[in-house]
Amino acid sequence: MKVQITVHPRFHLKPLVVILLALMGIAFVIAMVRYANGIGAVSNLSNSYPWAFWISFDLFTGVAISSGAFLMAAVVYIFELKEFRPLVRPSVLTGFLGYMMVVVALLVDLGHPERIWYMMIHWNHTSVLLEIGICVMTYLAVLAIEFAPVVFEGLKWQKFAHFIHRFIMPFVILGVVLSTLHQSSLGSLLLIQPAKLYPLWWTPILPILFFISAITIGLSMIIFESTLSARYFQRGLEIHLLEKLAKAIPIVLAIYLVIKFSQLTFAGDIKYLFTSGLMSVLFWAEILIGAVTPIVLFSIKRIRQSANGLLFGAVILLLGMIMNRFNVSWFAVTHPDPITFMPIFMGQVTYFPSLPEVAVSIGIFSAGILAFGLAVKYLPVFEEEEHHDTK
Amino acid sequence: MTEIKHKTFLFDATRCIDCRACMVACSVENKIPMNKTRIWVAGVGLKGEYPNLERASMVYHCMHCNEPDCLSACPVGAYSKRLDGPVIYDPKKCIGCRYCMNACPFGVPHFDWDKGLIEGAFIDKCTMCTQRIDIGLEPACVATCPTEALMFGEREELLKYAHDRLTGQPVRYINHVYGETENGGSSYLILSHVPFKELGLPDLPSQPVKEVSEAVMGLTIPFALGWGAVLTAAAAGVHMYNQKKEADAQKLEPSEPQAEETK
Chain A
1 MKVQITVHPR FHLKPLVVIL LALMGIAFVI AMVRYANGIG AVSNLSNSYP
51 WAFWISFDLF TGVAISSGAF LMAAVVYIFE LKEFRPLVRP SVLTGFLGYM
101 MVVVALLVDL GHPERIWYMM IHWNHTSVLL EIGICVMTYL AVLAIEFAPV
151 VFEGLKWQKF AHFIHRFIMP FVILGVVLST LHQSSLGSLL LIQPAKLYPL
201 WWTPILPILF FISAITIGLS MIIFESTLSA RYFQRGLEIH LLEKLAKAIP
251 IVLAIYLVIK FSQLTFAGDI KYLFTSGLMS VLFWAEILIG AVTPIVLFSI
301 KRIRQSANGL LFGAVILLLG MIMNRFNVSW FAVTHPDPIT FMPIFMGQVT
351 YFPSLPEVAV SIGIFSAGIL AFGLAVKYLP VFEEEEHHDT K
Chain B
1001 MTEIKHKTFL FDATRCIDCR ACMVACSVEN KIPMNKTRIW VAGVGLKGEY
1051 PNLERASMVY HCMHCNEPDC LSACPVGAYS KRLDGPVIYD PKKCIGCRYC
1101 MNACPFGVPH FDWDKGLIEG AFIDKCTMCT QRIDIGLEPA CVATCPTEAL
1151 MFGEREELLK YAHDRLTGQP VRYINHVYGE TENGGSSYLI LSHVPFKELG
1201 LPDLPSQPVK EVSEAVMGLT IPFALGWGAV LTAAAAGVHM YNQKKEADAQ
1251 KLEPSEPQAE ETK
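Chains as they are written, first to last, in my numbering: chain A, 1 to 391; chain B, 1001 to 1263.
Please note that the accuracy of each hint is not assured.
[As the list claims (entries may be wrong)] Covered stretches of chain A (in silico footprint by chain B; criterion: 3 or more residues with CB under 8 angstroms from a CB of chain B, positions within the stretch not fixed):
1) 61-71
2) 124-136
3) 184-192
4) 213-221
5) 289-302
What the hints contain is simulated information worked out from the structure, not anything from laboratory work.
These numbers come from a predicted model, not from an experiment.
All C-beta atoms, glycine included, are put in the ideal place defined by N, C-alpha and C.
Work out the full structure: start from the sequences and follow the hints.
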């Protein structure tokens, strides 16, 4: 199936681009205020909520939605299911931009962004955060290498593109190992909070649950971005490929549910399922939206075979699973009751993200969307790699 | 080499009169602005009905855990545990990620939310006044306490002393020394007449909260190597299988490959 894209290198601002640029500008101004006057000047973060919206959205969600890159690389290069080739480039691009967004967001969130490279020289080997930092930095480089051929092809430097393509395998394997490590380690990040994270979520197997759910998020993200870009860039849609991905999702989700509920049973936490008030509501919302509904939707052939059905199912799954990330990293975490023992500088007990806080994340997200659009416009992201397949 | 004695605080909630002199002493000694503090006194407030009224207050600062979770969590190793007790934070290494604040089950480390890049936003927490104990003085909060609610000394001795108090006045106290085993033991021991939970102290098991996290971290390298090997083997296996299948297919139609080569 060939998809012809006519490239117009002419630069003309569409309304969407103007909006994205405006959102980026707002985020930039807020970031400058934050650098001048401190994190407290723009956000509602406090000593009771040292991590909240930024970490839940930018780090936990950002990394999870970028997992399509390693999945597609593994499927095409390691398992040689070559038919999925058209999905590799867009998902590697999504992954690369996703991780770039994570890093940019961390540069706003860290107290000392200029020291982010300290992670490379000062190693505390017991820290989960160190592992994530190292993995994310290395994986960003791997993704850049995996995406480089596309850039070189866009520049008509076929020789370089060919050269990288010949040595891609070690990088693919390294990428899959790094992804497995840090996708699961995001769950390990919360293992140090057994006293703070609600027992419906805290379990020693959090890393396994995180990895499995990251797979479903990655698959949904590929469906999401393919159907949307097919619409926006008026190109063909590989619906037969997406259908196969959608077919895999209920299986992975079923494994996820089985592990999740057997863990709750074995840990004796089943008693919290209906008796924890808000926590029970959050838990069931996450399970029903993120796992049960997508299993039902993607099991129906008619939904899998329609572009709208695929998009709808993917969006539902993404919403539920992103809610899971918010639950474990924010909603279900209770820091020691501040009223009792920190009356002076823990005055702010409740937390709701401030408008500038959300605006920073939206601005960074807008930059990602804009970069994706520009890459698709000027680089052969969606083109079939005919020249590589010829022997 | 002489054995290094493990220094410890002992706080007795029944003796605290909520005067907050320790907070002032700490601010003066460590030059902490008054809107921030490394030590804080929290009151439970009045309880019971007249005439049986009761109130309690708790002096709260870093527990200086024997197995510090902040130290385990910090990616860049900005924390260290001195052999004589104090858990020390090094602002020169800190990247401001605030993972220590998430890790600490007591909510001790706090952050300069109001400092920009130029002033530098750091974590702050009690240092056990190392500048004082190194020259044989007690920490400022202990030295200033008028009722000896706060005491300072060697851990073994203070533990024994605390247990003596419990056995001497069993009616006065809840029969437990908080910090003896909690979270792997801490260098801040607490005696109280009200349940420790009411003082804002979390109910913690004797294994430190970092235990599971560190066990999982220990699996990282072996897992990475094993997983890498499995993937390499899988890739090689699939490749060989596909090539063999292709070769078999070509055997059946021997004219095909030649035609392709001449292209």
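To see whether the hints hold, each was checked on the structure:
1. 61-71: violated (count 0)
2. 124-136: It holds: at least three residues are needed, and the segment 124-136 of chain A offers 9 whose Cβ sits within less than 8 angstroms of chain B.
3. 184-192: holds (count 5)
4. 213-221: violated (count 0)
5. 289-302: violated (count 0)
Of the numbered hints given earlier, the model fails hints 1, 4 and 5; all others are met.
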